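Start from the sequences, fold in the hints, and give me the full structure.
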Amino acid sequence: MNENRTLKGKTAIVTGGSRGIGEAVTYKLASLGANIAIIYAGNEEAAKKTSDKCREEFGVEVKTYRLDVSDFSAAKETVSEIKKDFGTVHILINNAGITRDNLLAMMKEEDFDAVLDTNLKGAFNMIRHTAGMFIRNHEGCIINISSVAGLLGNPGQCNYSASKAGLIGLTKSVARELSQKGIRCNAVAPGFIATDMTANQSDNPLLERIPLGRMGSVEDIADAVEYLVFASYVTGEVLKVDGGIAM
Amino acid sequence: MYFDAIAKIISERTGCDVSTIKPESKIFELGIDSLDTVELLMNLEDEIGIEIDLDQKVETVDDLDKFIQSKIQQG
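From first to last, the protein sequence lines are chains A and B. With this note's numbering applied, the first sequence corresponds to residues 19 to 265, in that order. With this note's numbering applied, the second sequence corresponds to residues 9 to 83, in that order.
In short, the hints are calculated from the structure, not lab data. Incorrect hints may have been included.
Result set (DSBU-like, lysine-lysine): computed pairs, CA atoms no more than 30 Å apart in a straight line [stated by the list, open to error]:
| no. | chain 1 | residue 1 | chain 2 | residue 2 |
| --- | --- | --- | --- | --- |
| 1 | B | K79 | B | K34 |
| 2 | B | K65 | A | K199 |
| 3 | B | K74 | A | K101 |
Given the structure is predicted, the values throughout are model-derived calculations rather than measurements.
Structure representation (structure tokens):
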């Protein structure tokens, strides 16, 4: 490993950071030396487990914050708390996401709204409230976890796909707006990654069409996040990590 | 009320003489764009010790001063 690849002294916020992809990203950033603010929606036990592991294995400072990222004012308060606890923030990983799958013809309005609110507006809320710090620091790295569903669409996931496609537009606009202050914004678009969230996708016919012939792991996504964190000349990019399914 | 603090930060940032900054000076014409205004406010937070969230456009130095005052009153 390149010895210059360290995040010592940096602080990262990871939303949805206690489980699944977010958990793997949290470990990855902690292993590189970053202090972590884990934002979780409700599973306190998982958040505690993840933060304990970071402290024990990587010796970094970790704090957990319970937050519904879709709540604009609550997000503002949490970011203020994080600022008090850590001083400032250098990296923001917008990973928090939910699914409420159904065919469009049967989808309830609240299921569409809930998914857009958490997945897309949640990312906006977090960027909105951390941007001031990034602008002032002339430094910041924002990574939004999108999905190949946002690129390809996926039957039964019109809400999820729309939210993930929205994240790509958000990523590119933020990248353009904040580039002059030295702030980068990129997206990772995972394909089928084995997590609790994709457990109900095991009979998806698309699985057979993955060129690399297997589902991805959460570590595959964490590796992509690590790449983007250090990729100082990359912004506005959507990095597919999908076994080739969306090529 | 915060004019002096704002003028000081603008002059530090742009290198212009602080005496050339008037309340009616347009911020953009002083060489500060909208993103710089956000940065300026973040720096002002240190100077005056309060947190201000810029959620509207401001044109002149006086607008910014009044905006900060209104935020503080809402407090």
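These are the hints, each one checked on the structure:
Between B:K79 and B:K34 the alpha-carbon distance is near 21 Å, which keeps this suggested pair within the 30 Å criterion. The straight-line distance between the Cα atoms of B:K65 and A:K199 is roughly 19 Å, inside the 30 Å bound, and the hint therefore holds. The straight-line distance between the Cα atoms of B:K74 and A:K101 is roughly 26 Å, inside the 30 Å bound, and the hint therefore holds.
In the structure shown, no violation is registered for any of the earlier numbered hints.
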